[in-house]
Amino acid sequence: MNEILAGALRAVVIFGAVMTLVPMLVLAERRIAAWIQNRVGPNRVGPQGLLQPLADIVKLAFKEEIIPAKADRVLYMLGPFLAFAPAMLAFAVIPVARDFQVADMNIGVLFVITVTSLGVYGISFGGWASNSKYSLLGGIRSSAQIISYEIAMGLALVSVLMTSGSVHLGKIVESQSDIFHWNVFRQPVAFLIFLAAAFAENNRLPFDLPECEAELVGGYHTEYSGMKFAVYFLAEYVAMIVMSSLIVTLFLGGWSPGFPLPEGALWTVISAGVFTLKALVVLFLYIWVRWTLPRFRYDQLMKLGWKGLVPLAMVNIVVTGLVTALWDAISGGPA
Amino acid sequence: MEAPSRQSGTGEPAKAGLARWLFFLYLPAVFKGLKNTFFHLVKAKGHRTFTVQYPEERVTVRKGYRGEHRLKKDAEGREKCVACLMCQTVCPARCIRIIAEEAPWPDRDKRPRIFEIDMLRCIYCGMCEEACPCDAIELTEKFNEVSTSRVDKIYTKEKLLSN
Chain A
1 MNEILAGALR
11 AVVIFGAVMT
21 LVPMLVLAER
31 RIAAWIQNRV
41 GPNRVGPQGL
51 LQPLADIVKL
61 AFKEEIIPAK
71 ADRVLYMLGP
81 FLAFAPAMLA
91 FAVIPVARDF
101 QVADMNIGVL
111 FVITVTSLGV
121 YGISFGGWAS
131 NSKYSLLGGI
141 RSSAQIISYE
151 IAMGLALVSV
161 LMTSGSVHLG
171 KIVESQSDIF
181 HWNVFRQPVA
191 FLIFLAAAFA
201 ENNRLPFDLP
211 ECEAELVGGY
221 HTEYSGMKFA
231 VYFLAEYVAM
241 IVMSSLIVTL
251 FLGGWSPGFP
261 LPEGALWTVI
271 SAGVFTLKAL
281 VVLFLYIWVR
291 WTLPRFRYDQ
301 LMKLGWKGLV
311 PLAMVNIVVT
321 GLVTALWDAI
331 SGGPA
Chain B
1 MEAPSRQSGT
11 GEPAKAGLAR
21 WLFFLYLPAV
31 FKGLKNTFFH
41 LVKAKGHRTF
51 TVQYPEERVT
61 VRKGYRGEHR
71 LKKDAEGREK
81 CVACLMCQTV
91 CPARCIRIIA
101 EEAPWPDRDK
111 RPRIFEIDML
121 RCIYCGMCEE
131 ACPCDAIELT
141 EKFNEVSTSR
151 VDKIYTKEKL
161 LSN
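Taken in sequence, the protein lines are chains A and B.
The working numbering applies: residue 1 is where the first sequence begins, and numbers increase by one.
The working numbering applies: residue 1 is where the second sequence begins, and numbers increase by one.
The hints are simulated quantities; they were obtained by calculation from the structure and are not laboratory data.
One or more hints might be untrue.
[Unchecked claim] The calculated lysine-lysine pairs, modelled on BS3-like cross-linking and capped at a C-alpha distance of 30 Å, are:
id : chain 1 : residue 1 : chain 2 : residue 2
1  : B       : K32       : A       : K307
2  : A       : K70       : A       : K171
3  : B       : K157      : B       : K72
4  : B       : K35       : A       : K303
5  : A       : K307      : B       : K35
6  : B       : K110      : B       : K153
7  : B       : K32       : B       : K45
8  : B       : K157      : B       : K80
9  : A       : K303      : B       : K32
10 : B       : K35       : B       : K80
11 : A       : K59       : A       : K70
12 : B       : K43       : B       : K32
[Claimed, not checked] Estimated spans, in silico, between C-beta atoms of each pair:
id : chain 1 : residue 1 : chain 2 : residue 2 : range
13 : A       : E65       : B       : R94       : 46 to 52 Å
14 : A       : D178      : B       : P55       : 29 to 35 Å
15 : B       : H47       : A       : V13       : 14 to 20 Å
16 : A       : L277      : B       : L34       : 18 to 24 Å
17 : A       : K307      : B       : C125      : 28 to 34 Å
18 : B       : V30       : A       : D99       : 36 to 42 Å
19 : A       : G273      : B       : F38       : 41 to 47 Å
20 : A       : V58       : B       : T140      : 28 to 34 Å
21 : A       : A214      : B       : V30       : 18 to 24 Å
22 : A       : V13       : B       : Y65       : 55 to 61 Å
[What the hints assert, rightly or not] A few chain A residues that don't get close to chain B, going by computed Cβ distances all over 12 Å:
id : residue
23 : L54
24 : V74
25 : I140
26 : Y298
Yeah, the Cβ is synthetic: ideal placement off N, Cα and C, and Gly gets one too.
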């Protein structure tokens with residue numbers, strides 16, 4: 001009973017933290033975009049525009065909810081929440097501080113990969129149920145894109161699992177306890193592949209073809225308005241936070257500050273801060289890349305995925321295997 | 001990016017193919033782009049913010065800017081205009097309307113009774129200014145005058161004289 005309560009409390013804490021981060025992230029995205037484009041960005045609502053997200057939420061809440069004629073009402077309503085729930089769910093197994101996660105699963109990596117790819121259902125259902133050609137195209141693109149990049153992502157993960165020797169996220173973090181053992185240095189190729197696949201998985205530029213405002217109006221959420229649109233927006237940003245947390249956990253040493261963490265409650269709190277900081281750096285990278293690169297054409301996207309990242313990830317696995325075997329043979333025993 | 005090169009190493013043609021394949025991962029271009037936008041972000045290398053925070057800051061116009069019109073007065077405070085209709089004739093937007101009347105002064109025959117410019121039609125080309133033989137009309141540097149109705153945007157003689 002106590003354990004369930006503690007788990008629920010942790011879930012509330014993490015949920016609250018993510019929900020607080022999302023508006024800040026939206027504002028950060030708009031300000032950084034403006035700075036990159038030599039503009040100022042929203043700076044009128046509150047000091048330095050800090051209350052802008054609040055104004056956005058109020059505006060969206062008061063907007064009319066439109067359901068298109070001949071839309072599949074049930075799926076249409078369900079779409080945004082199907083996109084949002086899996087994104088949030090994936091956070092359950094990510095260790096955000098030392099010994100702090102909602103569910104300590106020994107197949108954490110598999111759980112995260114499974115659940116994050118469920119998010120595509122929300123997008124495809126929303127696009128399909130809208131009864132609009134643009135939405136449908138966006139939804140279809142989303143599923144095609146996720147299928148192709150999921151493979152590259154999974155293969156990149158395999159080489160990480162080979163170096164860390166576990167699919168338990170906590171153990172993966174522990175295996176990177178000092179900065180020289182961070183997987184970003186031990187598996188740079190896997191890191192790059194995973195990063196590209198993560199952008200594709202989150203529908204972020206340069207891979208935001210499901211949205212693609214230039215050709216598809218607004219992609220899968222063309223027909224959505226008001227709070228349902230807001231939930232799609234929220235889902236996108238939550239998925240981004242989840243994916244950057246995952247990147248931090250798998251490649252950047254998780255909550256480890258770069259040296260073995262001493263015992264004590266204070267250091268546990270510090271580890272949470274370290275984790276947040278690292279996640280924010282990755283999120284900044286997301287925004288920075290978005291306002292740097294143009295969108296890929298659809299065939300270029302598929303070509304990069306299938307002919308570029310997938311073979312590269314396979315080669316990386318083979319090389320990792322050979323190096324690990326050679327290392328074991330030289331040092332006599334598993335490293 | 002060492003992983004694939006370790007795998008191959010079978011001579012020149014393969015290397016060319018491999019180089020092409022690596023280029024196709026777009027990484028050099030991506031890093032170049034990221035470097036560029038970073039300089040924009042931190043405003044290094046001479047990048048600066050171009051936005052003018054409008055109500056607080058105003059742009060200053062150059063000398064010779066063509067803004068709203070003004071009718072000039074002579075030394076005795078009379079309008080210089082003699083209602084010759086040259087500006088009305090030359091105006092490509094046909095926004096000037098002049099109705100003449102007899103002038104009460106001995107030095108000219110006519111003066112405008114009505115002199116109206118429809119500022120919503122005006123294209124601010126400055127041809128009226130060039131056509132005027134008496135140097136009676138000119139374009140000022142005012143450009144952000146506000147009106148709350150269309151009627152207010154038809155400037156009368158009094159408005160143009162005091163502009």
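*Which numbered conditions among the earlier hints are violated in the structure presented, ordered from lowest to highest?*
2, 10, 14, 15, 17, 19 and 20
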